[in-house]
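For chain A, the structure is supplied; the task is to place chain B on it using the hints.
Chains as they are written, first to last, in my numbering: chain A, 182 to 680; chain B, 182 to 680.
It is worth saying that the hints were derived from the structure and are not from the lab.
There's no promise every hint is true.
The list treats identical chains as one, so a pair stands whether inside a single copy or across any two.
Said to hold, decoys possible - SDA-like cross-link-like pairs, simulated, lysine to any residue; straight-line CA separation at most 25 Å:
(1) Lys218 / Asp409
(2) Lys218 / Thr417
(3) Lys218 / Pro455
(4) Lys218 / Gln410
(5) Lys218 / Glu465
(6) Lys672 / Gln389
(7) Lys218 / Arg636
(8) Lys218 / Ala466
(9) Lys218 / Gly202
(10) Lys184 / Gly371
(11) Lys184 / Gly590
(12) Lys218 / Pro414
(13) Lys218 / Phe403
(14) Lys218 / Ala198
(15) Lys184 / Leu516
(16) Lys218 / Phe459
(17) Lys672 / Asn433
None of these values were measured; they are calculated from a predicted model.
There are 2 protein chains.
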Amino acid sequence: MSKANAYRRLLDHGREAALLGATSALLAWDQETGMPKGAGPRRAEQLALLARLHHERCTDPRIGEWLQAADERDLNDEQRAVVRELRRDYERATRLPAALVEELAAAESRAQQAWAAARAASDFAAFAPHLRGMVALQQQKADCLRRPGQTRWDALADLYEPGMCAADLQELFAPLRERLVALRRRLAAGSRPDDAFRRRTVTLAHQQAFVREVVAAMGFDFDHGRIDQSAHPFCTSIGGDVRLTTRFADDNVLDALGSTMHEGGHGLYEQGLPREHFGNPLGEAVSLGIHESQSRLWENHVGRSRAFWQWCWPVAQRHLGDACAGEHADRVFALANLVEPSLIRVEADEATYDLHVMVRFELERALIDEGCTVAELPARWNALYRDYLGVEVPDDRRGVLQDVHWSCGLFGYFPTYTLGNLYAAQFAAAADRALGGTAELLARGEFGPLRDWLREHVHAHGRRYSAQELCRRATGATLSSDAFVDYLEAKLLEVYGLA
Amino acid sequence: MSKANAYRRLLDHGREAALLGATSALLAWDQETGMPKGAGPRRAEQLALLARLHHERCTDPRIGEWLQAADERDLNDEQRAVVRELRRDYERATRLPAALVEELAAAESRAQQAWAAARAASDFAAFAPHLRGMVALQQQKADCLRRPGQTRWDALADLYEPGMCAADLQELFAPLRERLVALRRRLAAGSRPDDAFRRRTVTLAHQQAFVREVVAAMGFDFDHGRIDQSAHPFCTSIGGDVRLTTRFADDNVLDALGSTMHEGGHGLYEQGLPREHFGNPLGEAVSLGIHESQSRLWENHVGRSRAFWQWCWPVAQRHLGDACAGEHADRVFALANLVEPSLIRVEADEATYDLHVMVRFELERALIDEGCTVAELPARWNALYRDYLGVEVPDDRRGVLQDVHWSCGLFGYFPTYTLGNLYAAQFAAAADRALGGTAELLARGEFGPLRDWLREHVHAHGRRYSAQELCRRATGATLSSDAFVDYLEAKLLEVYGLA
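Next comes chain A alone, as it looks inside the complex:
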């Protein structure tokens, strides 16, 4: 087999796998948006079949042969990056025995149901055996995946943020935690933004029209995407056809806006991946941390900025009518930046969110690598919340049982949320320098230059560079938490009258 031929076969094969993946994505999207409820069991069968077909393609032994034949010095840089990433995917996919993959899938399904019931009843004991089983399976999985010298937790985290390990994360998180805790304490002495606007009610149709106009202004391409409603907001790509969902509550239009801009940021990344590379790593997102950086940048650096609200307020007034009476842009901007240490991660503000993540980061490593027992977990959880966030956890429902992740087997995943915040701040600062200040652009609703900067420096590269290398190339520096906390302090101390 010629080298060019092997490379071509790798691409063709990958494209077919990607088409199957895109089909699964449609099945899942439909399930969350419009599927009649009685169709659930059949849909689960469809998803399981497509997952099996996808997995068969990803572990096809011919991939190994093609990789060997194609691994040559005479490939160009792009092709070498493709081969490097395909090798990584193939090794990862083939390291897990099929029996373990099936056992994990079954255990996840059972644990998720047990978790939902246990959370509703705030009954950790009912979930504990499932969590014990899940930790044991994750340890097995990590043992299959890990390279010599790698910890189990690192092997799991590498699935979501390739190249990142606990030691690097601790180095990033230690100063971050210190400064965030200090900021939280300082803000407690400032003047709290007025939150009257948060309780104004707006009809669904008006909220929909409002968030749609904002996401269109961000540059989301409705010829290659759509926006719908679901219980939990998400963004999915059906092979370049990018679909966002938002949740709406009558009395929380800022939540609908924030979640739409968040998913819209994910959507711009997906739409910005080079279409000609569909089905190969150059057309794929590089890591969950980078993906999250795109959502957080639009949700927070844009959507929670004073400049944005100068543009957005007249738009809001046009769509929301009476709900805006007596309010003005600056007050709503301040409200969007209300800081309130709380119990629930998904409701957390920008300044305390990462403290929630760090609690999980500590506890996951304890469970996977340090012999912490499941029984000890609630007490350790509550102690960390007291320490990092200054709140008392009243029950496990609002404590250790709040997140679905561990029941789904997602260990090593949480830190990508915080990495997203750090990358976002570093990208936002670099774009600000490159564009000679973004505030004036945002105040005029000119989102194009920022979007184009992100497209050129982040989206367009797919998996060509590692996340860490992408960050260095785009921002001129390795990742740190400085840009993030500098940005937060500057904004929030002013909002709280402490600047």
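Chain B in isolation, oriented as in the chain A frame:
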């Protein structure tokens, strides 16, 4: 391999093929209802891949081995029916060489585009070479499929209505044509219903709520189905999750109602197929003619009956408001039964629709089996329209170019529309006898007994019996056109004041 094992494997294998088919159905449904327009090319790739995977499963040589192993006297009646139908499917699927299947797919794609352009320009000459090529390919396809002594056209028609042939159809159609032409001539002397209501405008939202209430009253199960909007109405089943679409025009609420009840009838059939037999022939529709009978029964025997309008008129008034002012149930019932010989099949009324079908039936056989050239086609088309419908065809756009079917390779398909009308009338008459008269039930909006009769006598059997045998069992008689024309004459002569 044991017999029971072989049978079990046939079912498992079939279920997997059915899951792939259901997934294709979702891809296609989404394409017609909500897919962003830029996603078209990628979607075509997904559909082609799924079609290939489906075809691979349907022609898997192991099916032949399992069929051989399972073909034994000790299967029960149901299992024997399953094996009989699976054998039929397998033989059909394996008779067509892959090269011909691919050539047909490519030719259909080209011919369909050429047809769309030719129709827009009313330029038959531009379409003629594509049609010539398509006829030649269909002849080749028929030669692969046909059994000794079978004509080519019969071999093609058998794909859509198993067991039906041109000779039987001619026997059914000859008296039907005679009586329909006579009825058309008689009605021309009667009093034409007033059509003012047809021009009343109604907003989309009100039309949607109206047709939804009607289809819910018919018993359509929204826990296992939904209703959406598309350019051309259709019904599809995503593995028991049945989805209808309707088209709406501001000024044609009766069209929206008729097309929704039509698709709703298809939907009730799909929802009535036994769920426990998903993925085997007992859970599948038996023929296109029987499928069409279910849509026509609800569209016409119910939706164009005086009794139905007694119930429906207050419902319409509630949803359509001002548009109903000055009208009453009997006038709208009469309007729903307006007979107007016309040029376009899809706009035809109940009394002349089948004459359109017969024109195509004649010409298809002439092309496929009798040496008629494509060049002769327009003149022969126009002559048949003069003869059967009494109308002059002004141009090919409104003549021989009007239907998409031949460009899609659908030869032998048209007669299933008329078979649907005949089956529908015979089922409706049988249900009427069994229920002691359906009119009073319909007038009260009690659609349950009729739906349950259809479920028990038609839906529940899947492909257990042939369409012809199903008809005999359900109605006590072989199919004829008597029930259909008797019903039409009784209704229309009264509407036209000629009774």
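Okay, the hints, checked on the actual structure:
1. In the homo-oligomer, the alpha carbons of Lys218 and Asp409 lie at most 25 Å apart both inside one protomer (17 Å) and across protomers (16 Å), since each shortest distance falls under that limit.
2. Taking identical chains as interchangeable, the C-alpha atoms of Lys218 and Thr417 lie at most 25 Å apart whether they share a chain (21 Å) or sit on different chains (17 Å).
3. Taking the shortest alpha-carbon separations for Lys218 and Pro455, only the inter-copy value of 18 Å comes in at or below 25 Å, while the best intra-copy value is 36 Å.
4. Proximity of Lys218 and Gln410 under a CA criterion of 25 Å is satisfied in both settings, with 16 Å inside one chain copy and 20 Å between copies.
5. Proximity of Lys218 to Glu465 under the C-alpha cut-off of 25 Å is restricted to the inter-copy arrangement: shortest distance 22 Å between copies versus 32 Å within a copy.
6. Within a single copy, Lys672 and Gln389 get their C-alpha atoms no closer than 29 Å, and across copies no closer than 49 Å, so neither meets the 25 Å cut-off.
7. Only between protomers do Lys218 and Arg636 lie at most 25 Å apart by alpha-carbon distance; the minimum there is 22 Å, versus 38 Å within a single protomer.
8. For the homomeric pair Lys218 and Ala466, the shortest alpha-carbon distance between copies (23 Å) is at most 25 Å, but the shortest distance inside one copy (32 Å) is not.
9. Proximity of Lys218 to Gly202 under the C-alpha cut-off of 25 Å is found in both arrangements, the shortest distances being 23 Å within a copy and 20 Å between copies.
10. Neither within a single protomer nor between protomers do Lys184 and Gly371 lie at most 25 Å apart by alpha-carbon distance, with minima of 65 Å and 80 Å respectively.
11. Taking the shortest Cα distances, Lys184 and Gly590 never come within 25 Å of each other, neither inside one copy (39 Å) nor across copies (41 Å).
12. Both within a single protomer and between protomers do Lys218 and Pro414 lie at most 25 Å apart by alpha-carbon distance, with minima of 19 Å and 23 Å respectively.
13. Within a single copy, Lys218 and Phe403 get their C-alpha atoms only as close as 28 Å, which misses the 25 Å cut-off; across copies the closest is 9 Å, which meets it.
14. When the C-alpha separation of Lys218 and Ala198 is checked against a cutoff of 25 Å, the pair qualifies only between copies, where the shortest distance is 23 Å, while the shortest distance within a copy is 29 Å.
15. Taking CA atoms no more than 25 Å apart as the test, Lys184 paired with Leu516 passes in neither setting, with 59 Å inside one copy and 71 Å between copies.
16. In this assembly of identical chains, Lys218 and Phe459 lie within 25 Å of each other by CA distance solely across copies; the values are 18 Å between and 33 Å within a copy.
17. Proximity of Lys672 to Asn433 under the C-alpha cut-off of 25 Å is restricted to the intra-copy arrangement: shortest distance 23 Å within a copy versus 57 Å between copies.
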